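Colleague: Next come the chains, spelled out residue by residue.
Number of protein chains: 2
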Amino acid sequence: MTTPNTMRGVLAPVVTPFKSDLSVDKDRLIAHCKWLLSQDCGLAIFGTNSEATSLTMDERFEIIDTLVEVGLDPARMMPGTGCCSLFESIALTKHAVDLGCGGVLMLPPFYYKGVSDEGIYRNFAEIIERIGDNRLRVYLYHFPQMSAVPFSIELVQRLLENFPGIVVGMKDSSGDEDNLVAMINAFPGFGLFAGNETLLLKNMRIGGVGCISATANINPAGIVNLFDFWEADNADDIQNTLDAVRKSVQQFNLISAMKKMIAHYASDPDWNRVRPPLIELDEIQATKLIDDLSLLNFEMPGLKV
Amino acid sequence: MTTPNTMRGVLAPVVTPFKSDLSVDKDRLIAHCKWLLSQDCGLAIFGTNSEATSLTMDERFEIIDTLVEVGLDPARMMPGTGCCSLFESIALTKHAVDLGCGGVLMLPPFYYKGVSDEGIYRNFAEIIERIGDNRLRVYLYHFPQMSAVPFSIELVQRLLENFPGIVVGMKDSSGDEDNLVAMINAFPGFGLFAGNETLLLKNMRIGGVGCISATANINPAGIVNLFDFWEADNADDIQNTLDAVRKSVQQFNLISAMKKMIAHYASDPDWNRVRPPLIELDEIQATKLIDDLSLLNFEMPGLKV
Numbered sequence: 021m022t023t024p025n026t027m028r029g030v031l032a033p034v035v036t037p038f039k040s041d042l043s044v045d046k047d048r049l050i051a052h053c054k055w056l057l058s059q060d061c062g063l064a065i066f067g068t069n070s071e072a073t074s075l076t077m078d079e080r081f082e083i084i085d086t087l088v089e090v091g092l093d094p095a096r097m098m099p100g101t102g103c104c105s106l107f108e109s110i111a112l113t114k115h116a117v118d119l120g121c122g123g124v125l126m127l128p129p130f131y132y133k134g135v136s137d138e139g140i141y142r143n144f145a146e147i148i149e150r151i152g153d154n155r156l157r158v159y160l161y162h163f164p165q166m167s168a169v170p171f172s173i174e175l176v177q178r179l180l181e182n183f184p185g186i187v188v189g190m191k192d193s194s195g196d197e198d199n200l201v202a203m204i205n206a207f208p209g210f211g212l213f214a215g216n217e218t219l220l221l222k223n224m225r226i227g228g229v230g231c232i233s234a235t236a237n238i239n240p241a242g243i244v245n246l247f248d249f250w251e252a253d254n255a256d257d258i259q260n261t262l263d264a265v266r267k268s269v270q271q272f273n274l275i276s277a278m279k280k281m282i283a284h285y286a287s288d289p290d291w292n293r294v295r296p297p298l299i300e301l302d303e304i305q306a307t308k309l310i311d312d313l314s315l316l317n318f319e320m321p322g323l324k325v
Numbered sequence: 021m022t023t024p025n026t027m028r029g030v031l032a033p034v035v036t037p038f039k040s041d042l043s044v045d046k047d048r049l050i051a052h053c054k055w056l057l058s059q060d061c062g063l064a065i066f067g068t069n070s071e072a073t074s075l076t077m078d079e080r081f082e083i084i085d086t087l088v089e090v091g092l093d094p095a096r097m098m099p100g101t102g103c104c105s106l107f108e109s110i111a112l113t114k115h116a117v118d119l120g121c122g123g124v125l126m127l128p129p130f131y132y133k134g135v136s137d138e139g140i141y142r143n144f145a146e147i148i149e150r151i152g153d154n155r156l157r158v159y160l161y162h163f164p165q166m167s168a169v170p171f172s173i174e175l176v177q178r179l180l181e182n183f184p185g186i187v188v189g190m191k192d193s194s195g196d197e198d199n200l201v202a203m204i205n206a207f208p209g210f211g212l213f214a215g216n217e218t219l220l221l222k223n224m225r226i227g228g229v230g231c232i233s234a235t236a237n238i239n240p241a242g243i244v245n246l247f248d249f250w251e252a253d254n255a256d257d258i259q260n261t262l263d264a265v266r267k268s269v270q271q272f273n274l275i276s277a278m279k280k281m282i283a284h285y286a287s288d289p290d291w292n293r294v295r296p297p298l299i300e301l302d303e304i305q306a307t308k309l310i311d312d313l314s315l316l317n318f319e320m321p322g323l324k325v
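Protein chains in written order, with my numbering: chain A, 21 to 325; chain B, 21 to 325.
Excised from the complex, chain A in its bound form:
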């Protein structure tokens, strides 16, 4: 099989800043996206770490329209467009295609548990057929810990067979290295993104195309560096350095921790807001986070202050 036009590299599920009334802070979001692109990091807006499910559908349309309107390249965007509702998935996906997004990252419908492969297949088939646009590029978002709805090998095979060139890849957030290997072995050329940078080197070595990682929001240059030099002699050292940063951040809720980091390194406390049901880090957690990162000489170069 061939996978035309597969996106590659490092993408961040872009964290979404909020104003004091919890509305979306578009100016800060635009600035953060520009900074990520300046580090050669793509924009997986509306990911788990974007608090996408905490955004209304209207907000998601407004955000993506705004980012494109201000001139950010849609080809570098892979918005999350998989909703519980089939018709909301269709509307948001179609809009992303119309705007020229490089791809879409689609969760399965995630409310009902224990659903059949047939049911998930029908969800994606309805979306793809109703949109009916050859520009559509679907990346399946495999994240059983959060969605509780996994993509089996058999299901991926059926989708690839019936929608070649449309279903082109996957973000595998299971953290299961065996699953990465199984997917790439089953589907050579599959556009396989590791779910975070801890498996980036392994993923590149087996034939994957990069990673989509929360922590690309705060360490984009470091992660892109490994993507660029994964064949270099010191690649394992780069991986180890990245892992140390990741380890410091994921002691805590990733979203809250990353927002705290941006607030801290940009001296911009307005970044330190999340929407319920998430909560901000408390003082003790925040201090521990920044202290641990200082020990690693961590910095966020170029972040606007």
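These are calculated hints, taken from the structure and not from any lab test.
Just so you know, not all the hints are guaranteed correct.
[What the hints assert, rightly or not] Below are the DSSO-like pairs computed for lysine-lysine, each with C-alpha atoms no more than 30 Å apart in a straight line:
(1) B/Lys114 with A/Lys39
(2) A/Lys114 with B/Lys39
(3) B/Lys133 with A/Lys114
(4) B/Lys133 with A/Lys39
(5) B/Lys308 with A/Lys46
(6) B/Lys114 with A/Lys133
(7) A/Lys133 with B/Lys133
(8) A/Lys46 with B/Lys133
(9) B/Lys133 with A/Lys222
[As the list claims (entries may be wrong)] Per the computed footprint, the stretches of chain B lying under chain A, defined by three or more beta-carbons under 8 Å from a beta-carbon of chain A, are:
(10) 97-106
(11) 117-131
Predicted model, so just to flag it, every value in this text is computed and none were measured.
For each residue, glycine too, the CB sits at the ideal point set by N, CA and C.
Following the hints, put chain B in place on chain A, whose structure we already have.
Modeller: Okay, now just chain B, sitting in the frame of chain A:
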């Protein structure tokens, strides 16, 4: 504590019929709601069994507006209004209050797993405070198997203390009898609905107010009969009869099975549609379901043919 104006009785999470293009079939929905009300069964539209999360927000607004416009009593409605997105929860809940609904049944935001009680509390506090309407009556929807986000005793206590007369009850779909008892012991007068009729008699005996059950869609009169006569000598016999019907239905996906039953007993095959990720019963399942129900002499009296 007192719980003013608590709803009581039997409510059905009203199943949602779809046309062949999968759009909402409003005529069949209205007819089904009228039949349920004629059996003295309330309308918990937008429940898990209504495929609520498979509906768009726009569809939910249209449905509730339509039902009220055709003259169905909003005081008998307890729509599900808890979404992943805080602001969608606020919009839908406010609309239900403005229409005069007897209450709302609210899931916690259900995408993020392992969230804190503080985060769930903030979600409900924001909703209640931003709506700021004393007519609001919130029933918490405790369904850890599906939402993966439970309501702890401590969280319920905090909500009741801070929003007395607004947070008034719960649908406990855990199926855990001990949890029902713990809730009613902790909060005497709490408007506690069992999550299905198998615990209806027990719930009434400990001081609960009824049940909200999927199978009230297909056996409303039977379940209402137990609610009306739970103190009668033969109440356990009535419970046993209800349980046998429930057991036949829940061999299969409840939603698909109930739609098949309505299609069968109303001789209306158009009822036999679900939205992905659900799928219809296959022929073998459907035959087994109807055969098992025939052995119980099950009927759906008054259902329009």
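Colleague: Hint by hint, note whether the structure agrees.
Modeller: Hint by hint, here is what the structure shows:
For the proposed pair B/Lys114 and A/Lys39, the alpha carbon gap of about 22 Å is at most 30 Å, so the pair holds. Proximity of A/Lys114 to B/Lys39 is assessed by CA-CA distance (about 22 Å); at most 30 Å being required, the pair is judged to hold. Restraint check for B/Lys133 and A/Lys114: satisfied, since their Cα atoms lie roughly 29 Å apart, inside the 30 Å limit. The straight-line distance between the Cα atoms of B/Lys133 and A/Lys39 is roughly 24 Å, inside the 30 Å bound, and the hint therefore holds.
The straight-line distance between the Cα atoms of B/Lys308 and A/Lys46 is roughly 55 Å, outside the 30 Å bound, and the hint therefore fails. With a C-alpha separation of about 29 Å, the suggested pair B/Lys114 and A/Lys133 falls inside the 30 Å cut-off, and the hint holds. As the CA atoms of A/Lys133 and B/Lys133 are separated by approximately 14 Å, the hinted pair is consistent with the 30 Å bound. Pair hint A/Lys46 plus B/Lys133 holds up; C-alpha atoms about 27 Å apart against a cutoff of 30 Å.
As the CA atoms of B/Lys133 and A/Lys222 are separated by approximately 28 Å, the hinted pair is consistent with the 30 Å bound. Residues of the region 97-106 of chain B with a Cβ under 8 Å from some Cβ of chain A number 3, which satisfies the need for three, so the listed coverage holds. Counting residues of the region 117-131 of chain B whose beta-carbon sits less than 8 Å from any beta-carbon of chain A gives 4, enough to reach three: the coverage restraint holds.
Violated hint for the displayed structure: number 5, the only one.
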